[in-house]
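J.: Start from the sequences and build out the full structure, keeping to the hints where you can.
Be aware that the sequence shown starts at 1, since it is given in the numbering used here, and climbs by one per residue.
Hints were generated in silico from the structure; no laboratory data involved. It is possible that some hints are incorrect.
[Said to hold, decoys possible] With a Cα cut of at most 30 Å, we get these calculated DSSO-like pairs of lysine-lysine:
no., residue 1, residue 2
1, K76, K102
2, K76, K191
3, K128, K102
[What the hints assert, rightly or not] DEER-style ranges, computed between Cβ atoms:
no., residue 1, residue 2, range
4, A79, A109, 20 to 26 Å
5, L72, K102, 24 to 30 Å
6, K62, V185, 18 to 24 Å
For each residue, glycine too, the CB sits at the ideal point set by N, CA and C.
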Amino acid sequence: MDLQTPHPLELAKTHHSHNEGHNHLGLCLGSFICFLVSFLFIGVLIIAALAIFIVFDVRPKKPTFSLQAIRLNTFKLDANSSDGVFVSSELSLSLVACNPNKFGIHYNASRLNVVYEGIDAGVIMIHKFYLPANSSNQRLCMHVVFENLNLSQDGGLLLKIPSNGTVVEFRIVGDVLAQAQVLNVLLPRIKISLDCQITFDYHKITLHSMRNLTMIEKDLFSKLPSFTQKCYLAAYI
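T.: What follows is the structure, given as structure tokens:
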């Protein structure tokens, strides 16, 4: 027999070793895939169980937000432009939030638009915040920015004030991403579309009381008898 030709027995052993290696690798891959599928399936079941728990047992309630104060941070009036009178300002809104639910709620940072008579008048900037379960008196701060609003009579905002000169109606629209937290587990985010229509009679606010204004207390809105708000919410996964 040639010395360079392997013995048939050695060839059989080598082939058997390769088969064992492939079989072992196949078993490992099969076990890993089964584990991964089982893990994902269990995870989906847990999330579904938490969702069912929230919907049918916890009975979600709307968190409440109460306006406490409005602070005027900056105010700039530009009356030198040939296109009209423009104003820019920034305000801080101080709110108190309450979460009556048995689960916490995370809110992502977002921007809401302030719309007046179809015109984008300003932007409300909301920072990321968290409302713990069964919480009350959670202090929040939001910022409202009005930039280069045209107040002139030639196509400006003043032209759109109603004929009675006292009633103002505007809307706050936008999307907010929220995420419920149950037993330290974060559920999938949902998008909440907000559309609030706010109407009030500004006749009670005199120009004299607004000239040196640096802060408007919460009683301001309670003194306006026609102050109303209608909010519509729609949630999307």
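J.: All the hints need checking, so say for each whether the structure fits it.
T.: Hint-by-hint comparison with the structure:
1. K76 - K102: Judged against 30 Å, a Cα distance of about 45 Å means the pair is violated.
2. K76 - K191: 35 Å, violated
3. K128 - K102: 20 Å, holds
4. A79 - A109: 20 to 26 Å: 35 Å, violated
5. L72 - K102: 24 to 30 Å: 39 Å, violated
6. K62 - V185: 18 to 24 Å: The hint (18 to 24 Å, Cβ to Cβ) holds, given that K62 and V185 are roughly 22 Å apart.
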